[in-house]
Amino acid sequence: MLKTRVIPTLLWKNVGLVKGVGFNSWRRIGTVMPAIKVHNTREVDELILLDISATLAGRNPDFESIYEFSADCFIPLTVGGGVRTLEDIQNLLRAGADKVCINSAAYDQPDLIREGAKRFGSQCIVVSIDARKTENGFYECFSHSGTRNTGKEVGTWAKEVESLGAGEILITSIERDGTMQGYDLNLIRRVTENSAIPVISSGGAGNYEDMFQAIQAGKASAVAAASIFQFTQQTPLEAKQYLATKGIPVRNINAKNQNTSHIRQVPINQ
Amino acid sequence: MRALIVDYEMGNLGSVKRSLEECGAEVIVSKDPKDLDSASHVVLPGVGAFHDGMANLKQYGWIPTLKKAAKDRIPILGICLGMQLLAEKGYEGGEMQGLGFIPGEVKRLTPKMPGERIPHVGWNEVHQTKTSPLFEGITSGTDFYFVHSYYFFPVNKNHAIATTPYCGNFTSAVATENIFGIQFHPEKSSKPGFQLLKNFLGF
Chain B
1 MLKTRVIPTL LWKNVGLVKG VGFNSWRRIG TVMPAIKVHN TREVDELILL
51 DISATLAGRN PDFESIYEFS ADCFIPLTVG GGVRTLEDIQ NLLRAGADKV
101 CINSAAYDQP DLIREGAKRF GSQCIVVSID ARKTENGFYE CFSHSGTRNT
151 GKEVGTWAKE VESLGAGEIL ITSIERDGTM QGYDLNLIRR VTENSAIPVI
201 SSGGAGNYED MFQAIQAGKA SAVAAASIFQ FTQQTPLEAK QYLATKGIPV
251 RNINAKNQNT SHIRQVPINQ
Chain U
271 MRALIVDYEM GNLGSVKRSL EECGAEVIVS KDPKDLDSAS HVVLPGVGAF
321 HDGMANLKQY GWIPTLKKAA KDRIPILGIC LGMQLLAEKG YEGGEMQGLG
371 FIPGEVKRLT PKMPGERIPH VGWNEVHQTK TSPLFEGITS GTDFYFVHSY
421 YFFPVNKNHA IATTPYCGNF TSAVATENIF GIQFHPEKSS KPGFQLLKNF
471 LGF
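The listed protein sequences derive, respectively, from chains B and U.
The letter at position 90 of the first sequence is residue 90 when you use this note's numbering, and the numbering goes up by one with no holes.
For this note's numbering, count along the second sequence from 1 and bump the result up by 270.
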């Protein structure tokens with residue numbers, strides 16, 4: 001049976017790892033390389049690494065750093081941030097990414113998804129969607145790290161990116177991001193009900209029950225989380241042990257050498 | 271032990287190279303078919319569409335060299351798209367002839383049960399249906415990492431050495447003599463992945 005993935009997300013800004021709340025008030029919490037190494041040693045299901053400043057700064061993905069990060073990463077690695085051209089996708093795959101996340105560029109140039117899927121295969125094109133509920137009661141999609149309202153309704157956009165050839169959707173609730181108050185289940189459902197490709201739930205996980213809810217009620221194929229794996233004692237391994245008791249198929253729950261203290265980096269004051 | 275990774279511009283070869291090195295192999299990544307002369311093992315990796323994959327192999331002049339290597343009993347391992355190219359025919363990106371090392375076709379997965387989404391992404395069981403040196407020391411049913419929408423449908427069931435429970439049961443590994451193909455990614459499957467690569471290098 002296909003296992004439900006528990007995926008740590010690493011948010012990368014300038015030179016370090018960061019954590020924010022509602023896509024704002026970023027705090028530096030450490031460096032990327034050690035975090036990737038720890039996750040690799042613990043054999044997590046997959047890792048997502050998002051460069052959240054590339055698009056806003058109008059720069060390309062940092063291929064050299066990705067090359068270094070992935071050198072000793074023998075688990076699947078999804079990389080996003082600043083991807084605007086087919087060349088960017090190719091260079092990220094060459095640098096060691098297994099899948100590439102496209103967010104802002106997808107709205108302006110949907111052809112990037114179509115051509116990317118055609119050339120590199122749908123399976124490595126992940127479309128990342130950041131959404132929040134707006135005054136008109138719909139979930140609307142925001143680009144540029146949550147700063148620009150695209151006017152697209154999330155269900156419609158999910159359908160559209162799937163028809164363009166996306167192989168997976170990473171759906172993040174902007175309001176819930178970093179709050180640890182639970183995923184926005186209505187948002188997740190809106191996306192899973194409007195697509196037939198795998199959906200990764202993101203934004204708001206505070207405990208293992210939240211993850212169960214995203215899978216059970218939200219129908220997510222995978223759950224991603226950042227804060228709880230960095231600021232609490234909770235670990236991907238324990239998350240999977242919990243999910244297993246609830247009947248969710250997961251992998252590697254008896255893995256050894258995962259029980260040592262989890263990556264906990266002391267936040268550096270701004 | 272000198273493993274050659276065929277570079278035909280289809281996806282990420284870096285992690286395959288690093289994994290093989292971890293397993294103790296000397297690795298060359300090459301676009302030049304001439305380099306195959308010095309190799310003891312050949313790895314055909316790749317992600318992307320079948321049609322483009324074959325077109326690129328052809329463009330770089332790999333097809334006659336790979337055919338000769340297959341005949342000369344050099345161990346060949348196809349990974350993901352590389353496995354699919356071992357077949358006679360594929361349909362992704364338009365109908366196209368494959369290398370034809372193992373009789374069969376490459377078809378698109380079709381959901382058989384509610385909740386089965388395509389692509390098939392994530393960790394799933396590899397159930398060994400036949401004894402193979404490739405799986406030595408690996409328990410049948412071990413999870414490996416998959417990410418694909420198409421699969422190898424062998425004409426002769428004897429060529430299937432493992433199946434995976436998704437969209438019915440699809441063939442996730444094939445083998446005949448010195449030719450091996452696996453749909454999953456050993457380079458991204460942690461310890462079981464290393465074990466499998468070591469087994470291949472030991473063949």
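Warning: the hint list may mix true and false statements.
Result set (SDA-like, lysine to any residue): computed pairs, CA atoms no more than 25 angstroms apart in a straight line [said to hold, decoys possible]:
#	chain 1	residue 1	chain 2	residue 2
1	B	Lys246	U	Gly385
2	B	Lys37	U	Gly294
3	U	Lys461	B	Leu164
4	U	Lys382	B	Gln90
5	U	Lys328	B	Glu43
What the hints contain is simulated information worked out from the structure, not anything from laboratory work.
Bear in mind the structure is a predicted one, so any value in this text is a computation, not a measurement.
To test your reading of the hints: which numbers does this structure violate? Violated hints (numbers, rising): 3, 4, 5; every other hint is consistent with the structure.
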